[in-house]
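Enquirer: Here is what each chain is made of, one letter per residue.
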Amino acid sequence: MSAISELSSITRRKGKVTPEEKKANRRDNKAAYIFLLPWLVGLVAITIGPMLMSLYLSFTDYNLLQPPEWTGLHNFTRMLSDARLHNSLRVTFTYVLIGVPLQLGVALLIALVLDKGLRGLPFYRSVFYLPSLLGGSVAVAILWKQIFGTTGLVNQVLAMFGIQGPGWISDPSTALGSIILLHVWTFGAPMIIFLAGLRQIPNMYYEAAKVDGATTLQQFWRITLPMLSPIIFFNLVLQIIGSFQSFTQAFIVSGGNGGPSDSTMFFTLYLYQKGFGQFDMGYASAMAWVLLLIIGVFTAINFIASKYWVFYDD
Amino acid sequence: MPLFPRPANAAKKHAEAPNAGARRRSRKAGAVAAAIAAVMALSACGGGAAPQNADGTVELRFSWWGGDKRAQLTQEAIKQFEAENPKIKIKPEFGDWSGYWDKLATQVAANDAPDIIQMDEKYITEYSSRGALLDLSKYDIDTSKLDEAALNAGKGAKGLTGIAAGINAATILANPAVFQAAGVPLPDDTKWTWDDFGRIAAEITAKSPKGTYGAAAYGTDEASLGVWLRQNGKSLYTSDGKLGFEPSDISEWWAFLKELSQKKAVPSASEVVEAEAAPLDQSGLATGKNGMAFWWSNQAPALEKASGGDLKILRFPTKTGSAADSELWYKASQFWSASSRTKHPQETAKFINFLTNNVKAGEALLADRGVYPNSDVRAAIQPKLTPADVKVVKFIDQIKDELGEAPAPPPKGAGAIQEIIKRYTSEVLFERLSRGMPARRRPMR
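If you read the sequences in order, they're chains G and S. According to numbering that gives the first Met the number 0, the first sequence is numbered sequentially starting from 0. According to numbering that gives the first Met the number 0, the second sequence is numbered sequentially starting from 0.
Worth flagging that the hints you see were computed from the coordinates, not collected in a lab. Any given hint could turn out to be false.
A short list of chain G residues far from chain S (calculated; beta carbon distances all over 10 angstroms) [to be verified]:
1) M78
2) I97
3) R221
4) T223
The calculated EDC-like cross-link candidates involving lysine to aspartate or glutamate, where the alpha carbons are at most 20 angstroms apart (straight line), are [as the list claims (entries may be wrong)]:
5) S:K342 <-> S:D111
6) S:K90 <-> S:D67
7) S:K88 <-> S:E75
8) S:K349 <-> S:D141
9) S:K411 <-> G:E68
10) S:K411 <-> G:D60
Examples of chain G residues lying across from chain S (beta carbon under 7 angstroms, computed) [what the hints assert, rightly or not]:
11) L63
12) L64
13) Q65
14) G148
15) T149
16) G166
17) D170
18) P171
19) G254
20) N256
21) P259
22) S260
23) Q277
Where a beta carbon is used, it is the ideal one built from N, C-alpha and C, also for glycine.
Pulled out of the complex, with its shape left as it was, chain G reads as follows (with noise of 0.2 angstroms):
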């Protein structure tokens, strides 16, 4: 639509509504929603169709080789004693509540070293996004293996010290702290969202605060973190998420099966086996919507409890 048709249509709105404007209107509705078609058709055919294709199949004892055959909510309550699913439960949270506030925190000591007008900013800003890129690709899981490899980088590095350091990718003790870490390194996205938000913040109110005499520390802890409360709410909201629906570095790092022990074995992983490894596709779909309710209710959570911490200037 132009911008002279946008015009017109707000004068249009003043007076009555002749016959003949009625038929423009419902003709520029036509047109909008042929321009939206082709999203429309992805929308229906790639996310909606599936997801209630996948809701159906919940109730199912679905095979993938034979139709499927309604089962009612046996996958659901198949979920209350499979030790499995708990476990995956128990590592999704584990990686969840540990590699969220972690990879935030890093973003944001970053991000305010980055804000003290370094020189060649644009230079560091780039370099410290990069990992984001890059970190959830296959290629940097794979990289992630060799470095936390029994004769990995880490280790070599520590013989160097003489310190025999353990297979961090293949002991369990060690293997999902590695993949928190990988989490944590690619904090460029959330980095660059606060970068963005300090900059929001008027110079004024550090000015009054610095003649009040203020410290850097009392600075921070009154200006900037209630300046920046949105975005940090914002950052939170995106990385929790995604976080829990997080399957690539799991599947590489771990060869696909969740290991060594199970370590491993995120909730999106587990979905998968299920599915495609054990021809569960049933109980897979049904545990794709309890991971959809657990990141709807820690959603609302975020949203009731922002009320008490979030700041908004406005």
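Could you slot chain S onto chain G? The hints should help.
Expert: Just chain S, lined up with the frame of chain G:
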């Protein structure tokens, strides 16, 4: 030049009354949009019309798992087939074992299965019992020259859904270079016991540079467990599709592995886990880091090629010290199966028949998928075999009289067994469970 050249009369159209023009435009746009939507919906369904070209050529898709060597050999066999059958084109799809089954399951579910499928015994019941595989006995495939045991392995409730591509046996492959460097003599595999195996492996580790171990750990698949159970009078599965062992039988197996690990006869727990993910040509045996390792006999030539040296095929150790008690068996290394939904069952059967019975296919494939189950082809390709292939054929022949009974076919759901065993093996090696425990948790779902 403009990116989207307008038709010559476009300008004229615009000059028309705006209302009429808009109506026509939107009607046209609606039609275009509907057409786009229809095409998208159709292509989303997959499959569509059978890929038969105007000139009558038929394209078949053929998928297998395996490494580079197998890909080369198989492509050569395809070339030979296409030369004989110019109207049939074979499109290969191949990849690693680890991703193969996920992909196949998805393709079958999406009604997009390859026409010819390389199948494994762990999965054949899973697929055939659900009607995903074609009953090949209904088509023109000559099975008269096949070894009976190999032929029977592909038979099930739904008919002949797989034809053995090769015959295999569980073996221990030894790298003589590692033995020599450690100054340890190779064992006499007709007489050795499991204790000998542990002792020799520990000795190699002790006398080798750091990072080299006497043997790879077993317990990363079910083959070695199958041998162990059979030597103890049990089996992985029973003929009625249940587990053929008790928790106590299997905990002994892990207890011995733990013992091997403690005396460093096998790599550390972390290294075992890392080795699981390595492809064949980066395995400990191929890189000279392991003196011995557990492999199927058909994998020996590929491993030999990767290691760049000579490998020796050994029988499994026994409890009694007599090869007669080794309880090995001939396994169908892989099967040729066909999708039950193939649009060209005749041509698919023709290709499987070619792979099974044609000497030219045999000359291309050699012994990569195991010893040829067709006795005529086996004899005809003998002179073409590489020294490594000959070794495999000889080994299969040598153990002929020591074989135990043919094992029961894996039941539905057996595809998960490898992951389950791997998981508990790492729990045992990392001492996260007491060694009696894993068996008590029922390993099947």
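Enquirer: Against this structure, judge whether each hint is valid.
Expert: Results for each hint:
no.: 1; hint: M78; verdict: holds, 14 angstroms
no.: 2; hint: I97; verdict: holds, 21 angstroms
no.: 3; hint: R221; verdict: holds, 48 angstroms
no.: 4; hint: T223; verdict: holds, 43 angstroms
no.: 5; hint: S:K342 <-> S:D111; verdict: holds, 11 angstroms
no.: 6; hint: S:K90 <-> S:D67; verdict: holds, 17 angstroms
no.: 7; hint: S:K88 <-> S:E75; verdict: holds, 13 angstroms
no.: 8; hint: S:K349 <-> S:D141; verdict: holds, 10 angstroms
no.: 9; hint: S:K411 <-> G:E68; verdict: holds, 18 angstroms
no.: 10; hint: S:K411 <-> G:D60; verdict: holds, 15 angstroms
no.: 11; hint: L63; verdict: holds, 4 angstroms
no.: 12; hint: L64; verdict: holds, 4 angstroms
no.: 13; hint: Q65; verdict: holds, 5 angstroms
no.: 14; hint: G148; verdict: holds, 6 angstroms
no.: 15; hint: T149; verdict: holds, 5 angstroms
no.: 16; hint: G166; verdict: holds, 3 angstroms
no.: 17; hint: D170; verdict: holds, 5 angstroms
no.: 18; hint: P171; verdict: holds, 5 angstroms
no.: 19; hint: G254; verdict: holds, 4 angstroms
no.: 20; hint: N256; verdict: holds, 6 angstroms
no.: 21; hint: P259; verdict: holds, 4 angstroms
no.: 22; hint: S260; verdict: holds, 4 angstroms
no.: 23; hint: Q277; verdict: holds, 5 angstroms
When each numbered hint is compared with the structure, no violation occurs for any of them.
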